[in-house]
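Engineer: One-letter residues, chain by chain:
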Amino acid sequence: MNPETRAKYEVVIGLEVHAQMLTKTKAYSNDINEFGSQPNTNVSVITLGHPGTLPVMNKKTIENAIKLGLAVNANIAEDQYFARKNYFYPDLPKGYQITQDKTPICTGGEVLIKTADLQDKKIGLTRIHMEEDAGKSIHDVDVYDTLVDLNRAGVPLLEIVSEPDMRSSQEAYNYLLEIRKLVRYLEICDGNMEEGSLRCDANISVRLVGAREFGTKVEVKNMNSIRNVQRAIEFEINRQIEALENAETLSQETRSFDALKGITISMRSKEAANDYRYFPEPDLPPIKVTPAQIEAIKAEMPALPKDLLIKYTQKIGLSEYDANNIIETKEIALYFEDLIQHTSNYKMAANWIMGEIKSYLNQYGKEINEFPLKPIQIAKIIALIDEGLISNTIATQKIFPALLNAPESDPLQLAESLNVIQDKNEDALIGYIQKVIELNPNEVARYRAGEKQLIGFFMGQLMKVSQGKADPKASNALLRNELEK
Amino acid sequence: MSSLSRDEVAKLAGLARIEMTESELVELSSQFGMILDAVARVQEMDLSGVKATSHPQPLENIARPDVVLPSLSPEDALSGAPAQEESRFRVPQILGEAE
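Those sequence lines, one after another, are chains A and B. According to the numbering used here, the first sequence is numbered sequentially starting from 1. According to the numbering used here, the second sequence is numbered sequentially starting from 1001.
Calculated directly from the structure, the hints in this document are not laboratory data. One should not assume that every hint holds.
Interface residues of chain B toward chain A, partial, derived using beta-carbon atoms under 7 Å [said to hold, decoys possible]:
1) Arg1017
2) His1055
3) Leu1059
4) Glu1060
5) Ile1062
6) Arg1064
7) Glu1075
8) Ala1077
9) Arg1088
Even glycine gets a Cβ: it sits at the ideal position worked out from N, Cα and C.
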């Protein structure tokens, strides 16, 4: 699309995220909540919706919802009840979904994201409520019929509804990254979009820049990765703008994303889909959340990414880039937290995480919790560098690999046994320097004739001759002295 | 007296998957009307200061710990199903879902 046409329009995006909770059991029954089990093995008469069975609320789901609410500064409702959302579908055994309609557990709150040009932006949240997942329908095994597995039916969900505050696919992408990071830090959802434990529907519309009214909204479903959400939104933006430019009328509809073709396709609307006849669920008594309960959950909250960002940038002086890099994964952040208990060279600690440690993890396809070295070992290496006993190069090229082979050994002893402790002894250093001078008579002559920039070359030679053991600080003045002679 | 139109009753019957004859639809439209009238009397009262009630019983926070209990075997789970295949419930395809 030509950029001028594109620039005439503003994009408005709101996202609805469904997060499957990491509980042991389902929302209203004691069936195990587990992905990948054999079909119809995680079902009881409650999950099947047999007559005469009664759901019983899982305490953990309420705690999880409150945790998320606290993390995004939402209001947590004191009194709530559940509602029945009635519709007929083979993957919904009861004929209704138990959800929260008029009394969501959380309202308001916000998530801080970066815009495409790296500015901070708050994305408002409309609501977060608890509900249950449906079963899984398989359409491609049997030619004529649909096969239904009810293992997923009744798995607890948090539905997180944003305000229509996003203005680009990049903002939507960044918002989802933040939501995923948050639920992972809180350990309430594993955030796996490919397996469907985190799902996203996008409401997308466009309007002329400066218009007050929203344009016609289209809901897009079936995007199974954060990248695909971005792709689907980009496609929709172009489709909608082109339609409007051609004076076509957009219809409010639900569309499905086809990841292979990279397009969205109109879905046949479910019959009478919008007449859900919500009413209070008579089988579940109301939920009352007390301030004491909220306080108790608050006390157990782990450090959140936003808190760590403030700590790392404002208290220990990391750059925002470094801080975000460390915070990206909770386990890495925890490793770093442990590491900075043992060293106050925070910048070097961050460099070790982002450099050597991450390269090792990438190379071997491991997670940080499989990394063989305890944080204190890395802190000891850093101390050796800080004390001038070994150079950074020796640390990364000699000590680190040796330690990986013997994770429990003492870095100092390793350095000694590898004979890589830097020499500060003046006699030894002068010995090395004289050797360098002997080996490079031409360069020495040029240096003495005024090419002072050759000092770098001599320093390199000195490291070579000393096998990296010459302490650069101690050598510098000595080297100049000897060369001037 | 208010009443529900015959078409409104037909729509509700459709949503609830209940088959009804023409005479039942007509009969129910006036009966539903009476029910709505009875409920509407509540609106005549001054209810300011009365908290909305979702349940008649004075119960709240009935919840259970997050503990796994054994589920049914797939054979038992599927024993009431009219049709099954590969340990799954087999149901007629809903139009437009196949692709």
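Engineer: Against each hint, give a clear statement of whether it holds in the structure.
Structural biologist: Here is what the structure says about each hint:
1. This hint holds: B:Arg1017 has a C-beta 6 Å from the nearest C-beta of chain A, less than the 7 Å allowed.
2. The restraint placing B:His1055 at the interface with chain A holds, with a minimum CB-CB distance near 6 Å, inside the 7 Å limit.
3. Of the supplied interface hints, the one on B:Leu1059 holds, with its beta-carbon coming within about 4 Å of a beta-carbon of chain A, less than 7 Å.
4. The interface hint given for B:Glu1060 is met, as the beta carbon of that residue sits about 5 Å from the closest beta carbon of chain A, less than 7 Å.
5. At its closest, the beta carbon of B:Ile1062 sits 5 Å from a beta carbon of chain A; the interface hint therefore holds under the 7 Å criterion.
6. Below 7 Å, beta-carbon pairs count as interface contacts, and B:Arg1064 has one with chain A at about 5 Å; its hint therefore holds.
7. Checking B:Glu1075 against chain A by beta carbon gives a least distance of about 9 Å; that is not within 7 Å, so the hint is violated.
8. Given hint, B:Ala1077 at the interface with chain A, holds; its Cβ is 5 Å from that chain's nearest Cβ, closer than 7 Å.
9. Contact between B:Arg1088 and chain A, as hinted, is supported at the beta carbon level, the nearest pair being about 4 Å apart and thus within 7 Å.
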